Structure formats: C-alpha cells, structure tokens
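**Student:** Numbering-wise, the sequence shown is residues 29 to 263 according to my numbering.
Treat the hints with care, as some may be off.
In silico lysine to aspartate or glutamate, DMTMM-like type, Cα no more than 20 Å apart, as pairs [stated by the list, open to error]:
hint, residue 1, residue 2
1, 60, 117
2, 60, 73
3, 38, 160
If you are wondering where the hints come from, they were derived from the structure by calculation, not from laboratory data.
Small disclaimer: the values here were computed from a predicted structure and weren't measured.
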Amino acid sequence: ISGYLALGGKLLLTGQDVGFWDSGLSALGYSKYYRRFLKVEAVEDDAGRADVVGVENDLFQGLSLSINGPDSARNQTRPDAISLLDPRDAAILARYADDGDSAVRASGCQAYCAVYLAAGLEGMGDSGSRAELLDRAITWLGSPQPAVSLDLYPLHQETVSRDSVITYTLQLRNLGSSRDRFTLELSGSDWPASIWNASFAQQIVQSMDLAPCQTQTLGIRLAVPSSVSWNTSNF
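Given only the sequences and the hints, what does the whole structure look like? Please build it.
**Tutor:** Structure representation (structure tokens):
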C-alpha cells in the first residue's frame, strides 16, 4: 500500500480493525502506510455501535449510516475510532454520533489520495446510503488536481503581546498543477497590518514563483495602535 500511494495511487479503504492491526494499537504490528499516508492514528479498538454521521462542509455532509443497518451485512462488532494527525493534508469526513472520528480523506499534494472508513461499509446504513457514500468517495478520488489552487497554514493562530508590534508567520502552498505566482493582500483588520518575507526584511505584495506543492513562508506584521488599552483584541 505504501509503495502504491507513494507513486500517486488512489485508495478507498474500509473495515473494522484495520486501525487496530495496522496502526500499532494492537501492539503486535504496525504498517507505515497507516499514519504516513492516511494521516491518522487509531485511538480506540471499539468505538461502539453509534451512527456514523458526515461532518458539515465536506464529502459526507448530510449522510448518516447506522452501524449494522437494516439491509447491511450486520457484521460490525468492534469498529475503530481514529484521530487526525495532519490537518493540512487530511480532514475528518465523519464521526460516530456518540464520540470519536470514523472517516478521513487524505492527499499528498498532487501525489496520492485516499478515503478511509474505520468501520466496514458493508455493515453500515442501508443500500441507498452506502451507494451515496461510495459515489461521493469515488468521485472525489477520481477528480483531477485543480489547475489553480493554494492554501494557507495555519488557518488560525492566536498571538499575545505587550509590544507595539506583533509578528507571526504562515505558509503559502501552491496546490495547482503548474507553476504560479499569487497576489497578496490583507483585509478586515482595524489595526495596520502588512505582509513581509520570512525574515521580515522586505515588504511584499506578491509570492515567489512557486512550483506545484512548493511552499513559501510569509511574515505578517501587525502594528498595535498606541491608544489601545490592556486586554484588547483584534481579528
């Protein structure tokens, strides 16, 4: 599996105890693809039999599949619970209604992509919900990489300072299929803010020429007005 995904493969994987055996949770073995490529770890061998519910604003939004559903194989006894390791290249797709994460999508920036369910799909929901989940997963796996795309990381960070200037950095990554440059601007801040290179030596308004998957570190400089009092925040 590791070799296949490293070469850009597309994987749809479902099954109870996949995490138990391949993540190292059993203490009897470990398969490196599990954490390296799926970007998760198994945290519980038995997540119970609560419904699997899709998270908002992602592939499985609006779906709810009961464990051992009415026309399923009804063979789920110990579905795994998982935890996300890499929020930049992976995202949780579904959670158990009681507690714990149950599905993830992962991608390696223009290389591989994978959808993993920590319970066996054959023992979930009814035929309609299983078909819909499969359709969405296969459509995502088969979608081409976008011609133009990017991400910023982290999406949110808090900074605290007693000084008149606050500085922090973030990562800009080219997710498109070709080299590209990106215009940079800030909006929404009531305090004066500016964008700099990583060393804060030069103010910039455009990114470097970035190859696919290449990352540039950006510096953000925020000037705190002299009139600002203690315990004041700005977004």
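**Student:** Check each numbered hint against the structure and report the violated ones by number, ascending.
**Tutor:** Violated hints: none; all satisfied.
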